[in-house]
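*Asks:* Sequence:
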Amino acid sequence: MKSGKRVIVIAAIGSLAFLSGCFNNKMEQELAKHTAAEVHKKLSENEKDKLSKEQTKKENEIYKKMEKPINQVVDEVPKEKAEQIANKGKQRQSYSDPVEFAQFTGKILFEFYTQNIHSAQYRAFLESYGDSKISKKFLKNKDADSFIDEVQKTIKESGFIPSNYKITKPVISASDGYFYLEFSDSLNKTQTFIISMIQEQDTWKFINNRPAPPIRIESK
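For the record, in the sequence shown the residue sitting at position 160 is 160 according to the UniProt record's numbering, with numbers rising by one throughout.
Since the hints were made in silico from the structure, they are not lab data. Remember, predicted model here, so these are calculated numbers, not experimental data. Where is the CB? At the ideal position from N, CA and C, for every residue including glycine. Incorrect hints may have been included.
Computed beta-carbon distance windows for the label pairs [said to hold, decoys possible]: (1) Ile207 with Glu83: 16 to 24 Å; (2) Ala174 with Thr114: 27 to 35 Å; (3) Thr114 with Arg216: 21 to 29 Å; (4) Ser175 with Gln91: 16 to 24 Å; (5) Lys81 with Ala124: 31 to 39 Å; (6) Ser184 with Glu54: 43 to 51 Å; (7) Lys133 with Lys90: 22 to 30 Å; (8) Gln93 with Lys189: 35 to 43 Å; (9) Arg92 with Lys169: 12 to 20 Å.
Straight line, CA to CA, 20 Å or less: simulated PhoX-like cross-link-like pairs of lysine-lysine [stated by the list, open to error]: (10) Lys156 with Lys189; (11) Lys169 with Lys220; (12) Lys169 with Lys81; (13) Lys220 with Lys79; (14) Lys189 with Lys81; (15) Lys220 with Lys81; (16) Lys88 with Lys169; (17) Lys88 with Lys220.
Start from the sequences and build out the full structure, keeping to the hints where you can.
*Replies:* Structure (structure tokens):
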């Protein structure tokens, strides 16, 4: 009887050992699989990080080569050429000659930017020499004078006060035209504007002035 119990106990111990061995073996396999997956994941992440860093480095090198100071970029852009005309600016009741009108308009705008004339005088210029849209819409607006004052105030606060100006020969197409007005200050900094004008009943009228890219003004 004792011998039978011993066989059962030994068998049970053997079964437990077998189960334990299987369990441990399975655990080792799972652990190995899990560890391998983690290692693979880590390697993949590292590889991605490495590729990402290399890509970023290459992109940065490209961007660095492309980076240039804004003044260098502006200087490299081909500039439009325009012929300079004299700054006469004689006032007439009306202008049938686009060159004379450009000279007079350039003088008025220069005086406006240098604060030598103010809103009332500039309004008088617009009333007499502005196109029909200015007289019918802008000047009838109750805030027109305030707007002119605000524009002049903004110019003054910008710190750029021109000391000289150049006018270009008007470019005429049918009844429309434009010319360039370039301001320069005592430090040789410049600002360029394009002035649009229109012919109404054989008389040239001012439409507007807008900032323009730098141009190459050539004297005769």
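*Asks:* Could you run down the list of hints and mark each one as holding or not?
*Replies:* Consistency of the hints with the structure:
Take Ile207 and Glu83: their Cβ atoms lie about 21 Å apart, and the range 16 to 24 Å holds. Ala174 and Thr114 have their C-beta atoms about 34 Å apart, which keeps the hinted 27 to 35 Å range intact. Taking the beta carbon of each, Thr114 and Arg216 are about 24 Å apart, inside 21 to 29 Å as hinted. Range check, Ser175 to Gln91: Cβ separation about 23 Å, and the 16 to 24 Å hint holds.
Take Lys81 and Ala124: their Cβ atoms lie about 35 Å apart, and the range 31 to 39 Å holds. The hinted range of 43 to 51 Å is satisfied by Ser184 and Glu54, whose Cβ atoms lie roughly 49 Å apart. One distance hint, 22 to 30 Å for the beta-carbon pair Lys133 and Lys90, holds here, with the actual separation near 26 Å. For Gln93 paired with Lys189, a C-beta distance near 36 Å keeps the hint of 35 to 43 Å intact.
Look at Arg92 against Lys169: about 19 Å separates their beta carbons, and that is inside 12 to 20 Å. Proximity of Lys156 to Lys189 is assessed by CA-CA distance (about 15 Å); at most 20 Å being required, the pair is judged to hold. Distance check on the hinted pair: Lys169 and Lys220 sit about 11 Å apart at the alpha-carbon level, within 20 Å; holds. A hinted pair counts as satisfied when its Cα atoms are at most 20 Å apart, and Lys169 with Lys81 qualifies at roughly 11 Å.
Straight-line distance between C-alpha atoms of Lys220 and Lys79 comes to about 18 Å, which keeps the hinted pair within the 20 Å bound. For the hint pairing Lys189 with Lys81, the CA-to-CA distance comes to about 19 Å; that is within 20 Å, so the pair holds. The suggested pairing of Lys220 with Lys81 holds, with an alpha-carbon distance near 12 Å, which does not exceed 20 Å. The straight-line distance between the Cα atoms of Lys88 and Lys169 is roughly 13 Å, inside the 20 Å bound, and the hint therefore holds.
Straight-line distance between C-alpha atoms of Lys88 and Lys220 comes to about 16 Å, which keeps the hinted pair within the 20 Å bound.
Checked against the numbered hints above, the structure violates none of them.
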